[in-house]
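Chains as they are written, first to last, in our numbering: chain A, 1 to 189; chain B, 1 to 189.
Calculated from the structure, these hints are not laboratory results.
One should not assume that every hint holds.
As the list makes no split between identical chains, a pair holds if one copy fits it or if it spans any two.
Restricting the straight-line Cα-Cα distance to at most 27 Å, the calculated cross-link-like pairs of lysine-lysine (DSSO-like) are [unchecked claim]:
hint	residue 1	residue 2
1	131	8
2	115	8
3	70	58
4	180	132
5	132	3
6	58	150
7	180	42
8	131	3
9	115	3
10	3	150
11	8	70
12	180	115
13	42	70
14	3	58
Protein chains: 2
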Amino acid sequence: MIKELVVKNRSYRRFDMNVSISGEILRDLVDLARLSATGGNKQALKFLLSNTPEMNRKIFPQLSWAAYLKDWPGPAEDERPAAYIVILGDTGISNTFGCDHGIAAQSILLGSVEKGFGGCMIASINRPALKKELGIADHLEILLVIALGKPAEIVILESVAPGGDIKYWRDEQGRHHVPKRSLQDIIIS
Amino acid sequence: MIKELVVKNRSYRRFDMNVSISGEILRDLVDLARLSATGGNKQALKFLLSNTPEMNRKIFPQLSWAAYLKDWPGPAEDERPAAYIVILGDTGISNTFGCDHGIAAQSILLGSVEKGFGGCMIASINRPALKKELGIADHLEILLVIALGKPAEIVILESVAPGGDIKYWRDEQGRHHVPKRSLQDIIIS
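So that you can see chain A by itself, here it is in the shape it has in the complex (with noise of 0.2 Å):
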């Protein structure tokens, strides 16, 4: 079930414009985050949400897509995601912030799977501007952002040998193929 959940959740960066997020169900995803665990429990990750055209086209520009599709911009207008959920630390809190913030995106975006959504993480980020863009206090720093829609792609999950390439591709008829490493390249014994 849970597995299910994990197998559904790809990182989807191409949406059906057509299909927004409330703002409600994006303080449902942010629950979810609240009630995992942060180091400490110091609760020091602070959550900006957007859903707006107008919010929505202030984030866009500031992300990077996809690095390893390089003929590939990006989302082309009408495939845009219709949310962002931007992962903040707050440093009035404290100075670091582990991992919190992938525990906090996983329940997000394994949450929003279940809901029929999906989306993807970004890290690469044009933080500054981005600050700027939201106007994003100074004791606030940027981590991580969620992009969020309904996916309008199919992803493929292969196989790659030890040592082959992890690099994600797209086929011809624009399939998303993720390689992934074996279990048993992962496991220590």
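For chain A, the structure is supplied; the task is to place chain B on it using the hints.
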């Protein structure tokens, strides 16, 4: 449903010593991590599994437990974890691991809760000692240890006011109380 798992997935530090965890279950849990996102799809994490008394005894003394419980040195002999998953970063693949271990750990813990187990992510580790005890190769960096078992404690979520104390505590019945910030307190509008 995912909400139910997230709520049930508390940080458990005391376990029923009579319940073991098989190698097969540990591999199933790592499979959830394997199928979860990693930065640039690099899949630079490796997983070391332990569920034998001998190996568990090498891991336990290298971990720090529940920093806020000053009078509690960690689980007693008869309430220790049945198993551990040590998450390692393979520096032969990448020099940075971002928040990949957080993503992986959350998948593993949600999976373990679904199977009737539970556990705790531990980042406060005597890394040099653990590396030596387990004979971990030089190119593998210890990122996180997940302690696992059948939980044998009650964990109670509580609300904390903005700026309030987030330190967890134990009451006279030994129940573990965890103050959580409100949704309103963590969402930036």
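For each hint, the structure was consulted:
Taking the closest pair of Cα atoms, residue 131 and residue 8 never come within 27 Å of each other, the shortest separation being 32 Å inside a single copy and 35 Å across copies. Within a single copy, residue 115 and residue 8 get their C-alpha atoms as close as 12 Å, and across copies as close as 19 Å, so both meet the 27 Å cut-off. In this assembly of identical chains, residue 70 and residue 58 lie within 27 Å of each other by CA distance solely inside one copy; the values are 23 Å within and 47 Å between copies. Taking identical chains as interchangeable, the C-alpha atoms of residue 180 and residue 132 are never at most 27 Å apart, the minima being 37 Å within one chain and 30 Å between chains.
Taking identical chains as interchangeable, the C-alpha atoms of residue 132 and residue 3 are never at most 27 Å apart, the minima being 39 Å within one chain and 34 Å between chains. In this assembly of identical chains, residue 58 and residue 150 lie within 27 Å of each other by CA distance solely inside one copy; the values are 20 Å within and 47 Å between copies. With identical chains, the CA atoms of residue 180 and residue 42 are at most 27 Å apart between copies only, with a shortest distance of 9 Å across copies and 34 Å within one. Taking the shortest Cα distances, residue 131 and residue 3 never come within 27 Å of each other, neither inside one copy (36 Å) nor across copies (31 Å).
In this assembly of identical chains, residue 115 and residue 3 lie within 27 Å of each other by CA distance both inside one copy and across copies; the values are 16 Å within and 11 Å between. In this homomeric assembly, residue 3 and residue 150 come within 27 Å of each other (Cα to Cα) both inside a single copy, at 20 Å, and across copies, at 20 Å. Proximity of residue 8 and residue 70 under a CA criterion of 27 Å is satisfied intra-copy only: 25 Å inside one chain copy versus 42 Å between copies. For the identical chains of this complex, residue 180 and residue 115 are neighbours both inside a copy (25 Å) and across copies (25 Å), given an alpha-carbon limit of 27 Å.
In this homomeric assembly, residue 42 and residue 70 come within 27 Å of each other (Cα to Cα) only across copies, at 17 Å, whereas the closest approach inside a single copy is 39 Å. For a Cα distance limit of 27 Å, the shortest separation of residue 3 from residue 58 qualifies neither inside one copy, at 35 Å, nor across copies, at 31 Å.
When held up to the earlier numbered hints, the structure conflicts with 1, 4, 5, 8, 14 and fits the remainder.
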